[in-house]
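**Q** Starting from the structure of chain A, add chain B where the hints point.
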Amino acid sequence: MTNIIDPIAEIDESRVGDQDVVIGKSRIIFRRFMRNRTAVAGLFIFVALFLVSLFGGFLTSWDKDTIDPLNIGMPPSPDHLLGTTQAGIDLLALIVDGTRTSILIGLIVGGLSVLISAVYGCTMAFFGGKVDATMLFILEALIMMPAILVVAVATSGSGGLKDLPSWLLLVVVLLFFSWMGTARLVRSLSMSLMQRDYVKAAKYMGVPSRRIVWRHLVPNIGSLLVLDFTRGITGAILAEVAFSFIGIGIKLPDVSLGVLIGQATGQVSSFPWMFWVPLTVMFLLTGSLAMMNDGLRDAFDPSSSSIGRAKTKTAKKTTK
Amino acid sequence: MSTNITPAERLRDAGLYAPGDAVLSVRDLNVRFNSENGVVHAVRGVDFDLMPGKTLGIVGESGSGKSVTSMAIMGLLPETADITGSVRFKGKELLGLGDKAMCKHRGNDIAMVFQDPLSSLTPVYTVGTQIIEALTVHNPNMSKQAKEARAVDLLRMVGIPSPKDRLKAFPHEFSGGMRQRVMIAIAIANDPRVLIADEPTTALDVTIQAQVLEVLHTAQEETGAAVVMITHDLGVVAGMADDIMVMYAGKPVETGTVEDIYYNPRMPYTLGLLGAVPRVDTATRQSLVPIEGTPPNLALPVIGCSFAARCPLVSDACLHGEPDLFPVPGAAVPGVEGQRLGHKAACIKSNELSGNADAHKIFHAPPKPVSKFDGVARVEREKVLELKDVKKHFPLLKGALIKRRIGTVKAVDGLSFDIREGECVSIVGESGCGKTTTLLEIMEFHPDQVGEVIIGGVSNKVATDHKTKMAMRKEMQMVFQDPTGALDPRFTVYEVLAEPLENLGMPKAAIKKRIMELMKLVGLQPDHVNRFPNQFSGGQRQRIGIARALAVNPKLVVLDEPVSALDVSVQAGVINLLDKLRAELGLSYLMVAHDLSVVRHISDRVAVMYLGKIVETGDVDDVFDNPRHPYTRALLSAIPVPDPNLERTRERIILQGDLPSPLDAPKGCNFATRCPVFAALPAAKQEKCLTLEPPLASEKEGAQDFACFFPDGELDADMLVVHA
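Those protein sequence lines, which keep their order, are chains A and B. For what it's worth, this note's numbering labels the leading residue of the first sequence as 1, then goes sequentially. For what it's worth, this note's numbering labels the leading residue of the second sequence as 1, then goes sequentially.
Extracted from the complex, chain A is given alone in its bound form (with noise of 0.2 Å):
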């Protein structure tokens, strides 16, 4: 895991005396990253998905809450892009609309369960002894908790909790339980930064302990959390979805693809577009992410083979 830290460490070790030679770190993993042309198409398809989840709004003249009384369960036609529910609701309204939604909590989950596992981590290691014991038991047992009923009970309201609109609410119960994993990751590989030589100069300086988590662990283990945070978002909408499948996440009147797919099981044979429709749009988001992550990691792992080849292109076919 510690080889995340440093990717350029290993490019180009030797010979930098000119100074064209040198090439900016962001520069370097921006290229690996294009090389991968997988988590590129990924980057793509995602862009499009949240760009249609902002403004996919205009593709269509109606909105989620207003029924069409002459389509009622309607396949797609000129009048309805993607049909109709058998209510007789815009399945794109509803489509854009959901994976707002799902993108949303995605985001925001992914993003502050990083947050805080980082802090946690760091602060974990940094303190070690009793703290480190102590946090250290309080995050084995939330790992222990069964998440599954803690969202039931919270989103059935009987929490006291019914102010609240049920995204947000799901969004709070997800991060609760999202952050344990990468928390366990940061504080070990802060733990093995803490044994590096530059930290122990400082240390042999008089640099106080505090400065030195900020100064030099936390900006090195950034490589970590921008992957982990790509990963974080893929795993919040897949338990966004499976939560509102199994109609104990999003409640209705707000929609997500979790909830579209959850109400079209029923009818698959005589809606099909109802189930279908949502159902690719949500492989097609945690698929971008999943394939975007494997070129991020390309990008900042300095042991992958992302560089490209010596070898001309005939030569390559005499090999093959």
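No lab work stands behind these hints, which were simulated from the structure alone. Wrong hints could be hidden among the right ones.
[Claimed, not checked] Simulated crosslink set (SDA-like; lysine to any residue; CA at most 20 Å straight-line):
(1) A:K203 with B:R490
(2) A:K200 with B:E222
(3) A:K64 with A:F44
(4) B:K513 with B:K469
(5) B:K469 with A:P208
[To be verified] Some chain A residues flagged as far from chain B (calculated, every beta-carbon gap over 12 Å):
(6) T38
(7) Q86
(8) V172
(9) M205
(10) V207
(11) I212
(12) V218
(13) I246
[Claimed, not checked] Some residues of chain A that are not near chain B, with every Cβ distance over 12 Å (derived):
(14) A152
(15) F177
(16) R211
(17) L227
(18) D254
Each residue gets a CB set at the ideal place from its N, CA and C atoms; glycine is no exception.
**A** Only chain B this time, still in chain A's reference frame:
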């Protein structure tokens, strides 16, 4: 000069005059890799012939393409690399063979010994299984008993005691040197004709290095294999190789017999390399030859001589066309007995560099700096650091629930010494002798330590409040071994250097001024302060590390293997810098190093440590020229010297075994288990060594202190080796 013939024609011509009896002939080998900076031309035209039973040494700095060459021969390079040229084993072309076809040759005809013995054995299989595996792959019909017998033979051949029992041992039960022996055993298992050893001893201690080189020597004698020895250490190959090829920037720049290269170098780079290595056997009061600059970037086409940018003899003619290897005038014709490679150099000025060229003059080596303390007697100087009976014992615990103390590791066991103003004290010894723990005890001083650490007159016993601690820290700074790991990759040089100053609460303007001073002091361009550490070469990074240590004006700098991670040519520059700083700023150094040649060059005093104790200490020249303790004698004799004639006739003490485990440390003299004097003593005298602990004392006034009862004792004949 480069000519107009195509590579294909060149290859054909080259193939024609390859001697028929060579086991391995390499012609016009070129390797290209892709990198973020474009295609890197890592190896640019290597030619050599390897005769049966001979040893070829390939010498060069990191990045010179020596390892890539060996990997290309073995067919171990990644598929993405572009390899052209010809590699022939007994006339059969190896390049272009598929992985499967190559497997028939690998390990059977051509075998390899890798650098890192710790990671080249699989930890989950026994040593025996791994040797037998190598046999099974190439001899599927061999019976199980035969294979086992052969494995035992092999282990015996590489000098592993009780080989039959050791077959069932796992790699972790072996020390580094033993594992490298096992690697050699695996490599020679199928009687290969060619053995490629890629820096086989770099990761090992000097005493173990001597053992392993000895084993390689025996292995070659037993199997009659030709050896390609790749190394950056000119000393290691001096005694072993018949021919030498010096590589620079992916190209051989000088080839010839050992004598040609060491006594009559005709290429400025070779000359510089030889001058850059400090010698352990002579007390030179002269600075080392620094080779300024860095090798060319091989992602760009090389215009003119690749060494031109660093060469002090460069002239306009050097910048037009890269010189090919040309026979040196006066050298014997290739093919004549004893002149296998023929002395060739890729330099248009090789004529001018006749045998008596002085590297110091050519490379403008600076004069040896003189410190203001040099004239002052040692006793009159102030003590900057004093250790009084410092001990660090680690309890060895066993048991799952209730921990039982089963023993004590005495990492540092009663250490006392002092360092005066302006002097450099070095601690030497094998890894595991407690050098690093000593440094840690000094750097992490606290009131509860066993023993007293006095820094600048303040004892650790009174360092209870933050203010005293800070004052002590300010007196003493550290330079680390690995220049890359010691600098935060996310800090610019400015931030790195500003950190200690900010910590002292210096105002911003003063910090800026001080940083500019520091950059100049360590020989870096002041306008590079905004760069990141990865934009510097290893030597420059170490200079940044030194600048950081000097930022707060300490009196004492603790150097933990300051040059061991650097290339030979760069190392000389850093050593000269350290020498200069000591003289100019009146610094004192406490250095830990395993390279005794560096120690001899830079130190005034030396302390030899063995199992947590100092066994000999005194002025560096006294200790090195007239070592009294048998361990010091063995250490010194194990250091290879870059002088082939001397190296071949030198008497070498090969210590048996490794550092004993601290658990069964002997009661009396702790060196007794490996001592060559002890082994030769009559039983009556041995008793004394085993029961009494020899005190650290000097024989006469002014000489070094040592801890041995029989400093003049005869050495055990079995432990002495001379290669005639």
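**Q** Does the structure break any of the earlier hints, and which numbers would those be?
**A** 2, 3, 4, 9, 10, 11, 12 and 16
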